[in-house]
Structures are given as structure tokens and as C-alpha cells.
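Chemist: Fit chains B, C and D to the known structure of chain A by using the hints.
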Amino acid sequence: MLRIDAAAYRSPWRRLHPAVKATFCGGLAVCALALPPWPGAAITALVVLVAAFGPARVAPRTFARSARAPLLFILTGAATLLVSVGGPEGLVAWAPGGWQRAAEISGRAAAALSCQLLFAFTTPLAEVLPRLVRLGLPPALVEVTSLIYRMLFVILDTAHRVHTAQAGRLGHETWRSWIRSVGSLGAAIFVRSFDRARRMQQGLAGRGYTGDLTVLVDATPLRAASVAVAALPPLLVAAIALTWRMMG
Amino acid sequence: MLAGQGLSYVYDSNGSEPVFTSLDVEVHAGEVLGVLGPNGGGKTTLLRLLSGSLTPTTGAVALAEGPVKANRRGLSELRRRVQLVFQDPDDQLFSASVAQDVSFGPLNQGLATEQARERVAWALAALGITDLADHPTHLLSYGQRKRVALAGAVAIRPQVLILDEPTAGLDPAGVESLLETLEELRASSGTTFVVSTHDVDLAYRWADRVLLLHRGIVGAGPARTILADADLLAAAQLRPAWGPAVAQALRAGGLLAEGEPGPVTPEELARRTVG
Amino acid sequence: MLAGQGLSYVYDSNGSEPVFTSLDVEVHAGEVLGVLGPNGGGKTTLLRLLSGSLTPTTGAVALAEGPVKANRRGLSELRRRVQLVFQDPDDQLFSASVAQDVSFGPLNQGLATEQARERVAWALAALGITDLADHPTHLLSYGQRKRVALAGAVAIRPQVLILDEPTAGLDPAGVESLLETLEELRASSGTTFVVSTHDVDLAYRWADRVLLLHRGIVGAGPARTILADADLLAAAQLRPAWGPAVAQALRAGGLLAEGEPGPVTPEELARRTVG
Amino acid sequence: MHAVAWTVAAAPFVVHGVYSLTRTVRADPDSKLLLGAAGAFCFVLSALKIPSVTGSSAHPTGTGLGAILFRPPIMAVLGTITLLFQALLLAHGGLTTLGANVFSMAVVGPWVGYGAYRLTRSATASMGETSSLSLAVFFGATLASLSTYSVTSLQLALAFPDPTSGFPGAFAKFAAIFSLTQIPIAVIEGLVTVVIVRLLMQV
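Chains as they are written, first to last, in numbering that gives the first Met the number 0: chain A, 0 to 247; chain B, 0 to 274; chain C, 0 to 274; chain D, 0 to 202.
A portion of the hints provided could be inaccurate.
[Stated by the list, open to error] Now the stretches of chain A that chain C is said to cover, found in silico as 3 or more residues with beta-carbon under 8 Å: (1) 136–148; (2) 198–204.
[To be verified] Once the Cα atoms are required to be at most 20 Å apart in a straight line, the calculated DMTMM-like pairs of lysine to aspartate or glutamate come out as: (3) C:Lys68 with C:Glu25; (4) D:Lys48 with B:Asp11; (5) B:Lys68 with A:Glu172.
Read the hints as simulated data drawn from the structure, not as lab findings.
No residue lacks a Cβ here, since even glycine has one placed at the ideal position from N, Cα and C.
Chain A on its own, in the form it takes in the complex (with noise of 0.2 Å):
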């Protein structure tokens, strides 16, 4: 239904606790922002790709058409870094170095965006959400959240049907109808969602609810080896890209 979660369910990665994968993306992320963008954020960047296409086995096409919607944000924020106004040479001019700076950013968001991709293509939230507490969430917290991430798959799959059935009686011919059509479709959402809790409520209380979710979480042992070898990479990509600065 989601591209990026039904993708992780299916990740050879999936069984690699969160932690280490965190580390890897994460220290990678760091990477991508805090080193100079050239080399730093393209070596991050290549990294990140070779590790998603190879051992992660992410499909290309997928990862790229997630990809686009924010690549299309970045470029476009990028673009107003080519101009600058209210400068000597008119309201509107094209600011100096601006190519360069517009390209850096653009580099070091990407990147950015490949690691925090690359970790959710990998890494089921039913699997991260329950060890929240450990990180010490407050639990009812993590429950609600745990609750919505469940819901949303329920609300979402009837969101689409009634946006079909809406679209099928014509509900998209005009603008008119359109806005119509959107706004009864969150009212229906709205009353179904609370319909969906009231039953659910009903649904827990024959299984002995009495106001805590607490469920059995697989126990996938973390080794302080695998999250010094995920942290690995990034130190490398960090030496790496400081010694190309200070070489050149």
C-alpha cells in the first residue's frame, strides 16, 4: 500500500536490529551535512547508493520514484539561491556564486535524503516502534503511536475506496465538485476512524485489556561489534573526504 514500508518488510536487511542500521544511515547523514559537500556529501552519496542497490537489494526504480517529490523540494528551494535581490544591480539579479552554493546544497540535501531513505527502505517501523520505551519514551506515548501507525493502514485503504467511489460517481469533474468531494471524504475518514476505536476498544476488552498494550518483542540481541562495524563506513567516507581537502 506504501511503497518505502511494504519494501522493508521485504528488506534483507530486515533482521539487522535498528540500532546498527541507525548508526550506519545516521552516521552517514552526518556525513552528508557536516563534512565540505565536495567530495563529502558525493562520496556520502555513493556509499549510500552502492550499499542500497547491492547487500540491501533495494530496487532502483522504487528508490527513485520516492526519491522525486523531495528531490523536487530541494531544487526548488536550491533555485532561489541562484538569485538575489534587492542587490546594486536591480530588484532581481543573479547572485554571485550562486551556482556553486545552489549546487552544494542540493548535494549535501541529496545525500542526506539517500541515507534517511536507504534506512527506511530497510527497517520496518513495527520493529523500531516497540523499542522506543528503551530509549526511554514514555510508554503510553509509544503506544499511541504504535495504535496510529496500525490505524493509518485501516483509515488509508478507506480513504482510497471512498476516493474511488467519489471519482466513479463523477465527484472529480469540476473544481466545484472536487472541493465537495474532498471534504465529505474527511468527514468520512473522521467518523470512521473514531468508528474504528470505539469497535477496536470492544474488540481488546474480551482479550483482557485493561489499559496497556504490552505484547512480547523479539529479542534480537544488540552486539556493540555490529554497530562498531556499521559506524565503520561512515568514519571511513569521513577520513576519506578530510584528506581529499586537505591533499587538493
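Modeler: Below, chains B, C and D alone, put in the same frame as chain A:
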């Protein structure tokens, strides 16, 4: 009247298999076409393609005048002629009151208020729910909601009504009365029906022709012949219906003449036994 | 084993009629009790009363030792012994992971981690879905989610499993395989089943005893007798099943001896015709 | 640097929201399921497609409606979770900019929207109930959406000042780009939200 030509469809979740490839299907004017097959066999996908709610990956849907263009206008024309009614009525009811909900389609067609009002009244009457007109939708029973969802599609006056599991969730009395209503609608307005169902006995009784679908067409033809073929049914992961088994047993026992049609409901069988 | 004594229930929307009054029902150990009737006839209300998810307005639910107290402890004891599985699996599945969801009941019973883990494994195996253990709930098919919801109830190891329309929404192959699974569970663990359904043929085939419910008990007794009685069925707004009609027709035609049981599925009829 | 600063700015609001959520849940365990439904609703609402002037479609922020229905403190939490899920499930928005996005979408948007709603409500108290409510909801949703994007422009301008005119010039640039698309979208979101609330009043 309505046809699918070389249809194939792939749901875009990464690299998944197509639901079916190069599927040809023809719907004849005025008939009841039953579509049967296992879950995941492509029934709902086919219904959605035929009603324009999905766009085929390859192939095209055609009306009498020719293939439907994949643009806004083509789609809009298809939707005026072909209406799909979902299995779960709640997916189709999104207004607060029954009349308001049924008026959604006619108003979107661009009808004036007065005409739209007539359409609503007519559709409610056709479904036998005129007295529900100003009821709030969320206080109706499941069977009533199903009828309101049907009225919403009927109000657009389509030539073809596509029904996804119309009897699912209804109790036996509800099934009977809905079938009666649909038959009346067919008689009075000449609507063509395409109906998906799991209920082989229902299809044997109601459909003129059937299509067995299991990631492609496994069998197609007159309901009485196709649904009596145990091998075809098995290929579509369906189970034999009572009707043909009873006819065969009665014939073998000399209780039914060779050309005579067998009973299609237990009531009919009981009547014949007594008579 | 489990009984309802003088049950009545009123949904508290102001001044509404009671669903039924002073209803007595008894569930015998190890049987399959079918509950049939029209929508709105009180089936779901009865199932909820028996499982403790509603509290009767008058009367009481009783276990072997006597009436269940309407306090926290009584209710909690009832829920350990009697589990209700809803028609819509999404009402009961709250976790994104199958194994986590199934572990909810055992942990609520106060089992230790290791024991709970064994229970989960056992329940998944009993429902034939061991390989789904680490699948995300939202990527399962409807039939698979139904099995997971069942596993969640089975994991509590109840003596009585109450199933609301367990076959609704399943395709014919799914119905067969679920029935097989439930029969295996019954054979291996001696679980008693109370099952509501609209499918008279299914009840005729599977249930030992049936209860016809239409705002009160219209008929109760052995499935083969009660479901062959057309007047009783009509009183419960149900339609005759094929099984009894076929048996009657075969007997009338001299194809079935007086004491011999009739076929309960079309396959059986076809086999007998050939044999 | 900026990411850290915005995270720090957003944190007190989110922490306050979490505190009020924990308190609600402790008082009534069943509210967990209601909050789950509310959060799922917010996520799905933000994933809906609304028509936009260019003939294409856009996504509503949903923060105005969320704030009116669930109050700003709870919306700070639900909005944060929505943004987290959008980043991980849809790749909409980055994790590194989560703090900044939370500040604009889960804090400023809801508070502005809720404020606009309350103000319009009391200013139009003399009008009929339906028109007063509709106006208030319209302004609440539209201003929530607009303020969210104004804050985003501000954040971008602070992060990337214009080489000649500095922060004001950069803000003008970003605001100009966003206003082209976001003003019509905010108005449409306002209209859609009015339809939603009026339907909900009838249920």
C-alpha cells in the same frame, strides 16, 4: 455494449506480477454476467477496469462506439454509462442524509436542482427506499445502507451496473429481496448487470453468462453449462454448486427428463418433490 | 459448560425495545452450536452476552460452577474460558506484527515471557499460520487477518470459542480450509464452538445443534432436524437449505433409504450419484 | 545548526503535549485508542489530494482542522508523529529537518489556526451559528496553512540568507515562491475544512 480488449493490470508495488494479462471480455446488453473466482484472482480488478476506476496497464475498455480514450473526457463518458457499486456500502456513503447522498452523482453530472431531485426520487423508488429519503445514513441498517449505495449509482442512470459482491453480509431474506429489486430494475430500465460473487449457487440461479477468473479467464459461457463443469470450477478454486449436482442426481435417478431444467433453489426442489 | 439464564438485553438508546427477553440457552461441552437468524434478530447480542463483552440487562451467564458474578473477577474468569472472535478482524488486531498481536492475550493472563512465547507458537501452528509470525498485519490478506484474529483468541486457550460469521468474506476455498482448521482444533483441544452464520447450508453441514433466533428463540435442537423444518426456518426469516430438500427428494424418489443420512455438500451428492 | 535550534524551539511544545497526552491516557485507558484514531486521521488527512489552481493537486496540512478538533497541545504530539511517519513512509520531509517542520506544522500552524478560530468565533457570535462556525473554521484552517508556510519561508531564509540583501531579501524570495502556490492552496484547504466540519455537525 461494454468490452475489455487485451486488458492487463499490474499494481505498482515494486515489481509485482500482473493480476492478469491480455484478458478479453464482452458484456452483452441486458444480460446478467456473473464473475466468479478466488480472492486475489482478479475479480475486483476487472470490475474496476471496466468501470474506469483503474486504468489498464495495457489494452483498453470499449463502449459500443469504440475504445474509451484514457483522457478526462473519455473517462467521464465511461463513468456516465457504467457505474460500479462497492461491496462495503460505507465506502460509498459520505453524505449525512440519504437523499443528499443519492443526489451526489446527478449533481456532478451537471443536472439542474429540479431534475436532480426527480432522479433522486426515481432512484429511491427503484430501490424501494423512498421512505428513507431524509434518514441520516449512519443510523441505517447494513442492508439499507447497501440499497442507498445502489441508489446512488442508479441515480446516474448508467447502462451497465457493476456490482461487487452485492449479497455479501446480507441475511437470506435480505438477499431475496435485493434480488427481486434488481430484477425489477432490470425489467423496467433494461440495465445490464455485471456481478462478482463467491456464491456459485447464486450465480447458477441468477446469471445468464458467467466468467471464471483466476489470474486470467478459466472459463466463460452460459451459467448453466459452465457452472455444471466440476473441472472448470476446480480450476477457478471454486466448489461445485448444489443446482447442477441435484439436476444430475435427479436425472440419474430418472426423476428429471433429459432436456428439462433442474431446480435452482431448495424451495423449487421441495415444490417439485411434493408436486 | 456455558449457559445463559433468563437473558434479556436493551441497548440503552433511550426507550428502545429489548433485543430479546428471558432467553435461555445452553452450550454443551465439545459441540458446535450454530446460531442462525435474520440481521437484527439478536445473534451478535447473544454472542456478546455469552462472552462477557456485554452485561445482560436481566438474567445471567453461567459457567459449570454457577452464574458468573458481574464484577471484575467474574468477568475476567469468563473471558479466560470463553473467547469471542469478531466478524471483522480489524476490530481485534491492534499491533502491526502478527506474533506481537497474538501475544497480547497470554500476557494479559499473566503468563511469563517464555510461556507466552510457547502459547503464541502453539496458536499460530493451530491456525496453520506459523510462517506469518513476523509478517506485518497490514500486508496480510483478509483471510489471513481472520486467522490471526482467531489465533489471538485461541492463544488464551479458552474452553469455548464464539465465532461471529467466521466464513463471511472468505472465498469458497478459504471457507473449506478454515473449516478444516477449526475441526482439527476441535479434535486436538476439545474446544467447544458457538458459531453465528447466515449460511443455512453451512450450519446443516457443520453444526451439531442449532438455535434459531429472531428476537427470542424460534427453535432449538439438532441441526439436521431443526434445519429441515421449513416452518421454523420461515419463522426465523431464513430460507430452506439444499441438504434437507435434497434428502427429501431422494427419499421421495426411492434413491435414499429412510434412515440413511442425506448428502451435506454438492460434492457428496455428486459422488453418490456416480457411485 | 539551524536544525538543532528549531528542534530546541519546538521541544517545549511537544513535551508539553506529551505530558498532557500521558495524563489523558492515565485518566482513561480507552483514550489511547481514540488518540490512535485521531493520529491516524491526521496522517491520512495530510495525505489527501486537494485540487490546486494549476490543475494539479496538492496536500492539505490538516493542522487547522486538527487543532480545532483536538486542541493545539495534543496536535503538537499528533503533528510530530504525522511528520515522522511522512518522513519514513512517504519520504515527505527529512528527518534532519524534523525539528524545523515540527515547529512550523505542529506548533505554529495549530496555534495560529486555533487562535484564528476562537477569535472569529467570538467576533461573529452575533451571526447565525452556521455562518459563524463556517467563517471561524475557514479562517482557522486557511491561516494555519498560511502561517505554516510563512514560518517555513522564514526558516529557509534564516538558513540561506541572500548574498546581497541578507535575511529580508531571502525571506522575500522564499515567500514569493511559496505564496504563488500556497495562498490558493490555503484558501482551498479552508473551503474543504468548512465542508468537513459542516458535515460533521450533521452527524
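Chemist: Hints first: check each against the structure and report whether it holds.
Modeler: Checked hints:
| no. | hint | in the structure |
| --- | --- | --- |
| 1 | 136–148 | holds (count 3) |
| 2 | 198–204 | holds (count 6) |
| 3 | C:Lys68 with C:Glu25 | holds (18 Å) |
| 4 | D:Lys48 with B:Asp11 | holds (19 Å) |
| 5 | B:Lys68 with A:Glu172 | holds (16 Å) |
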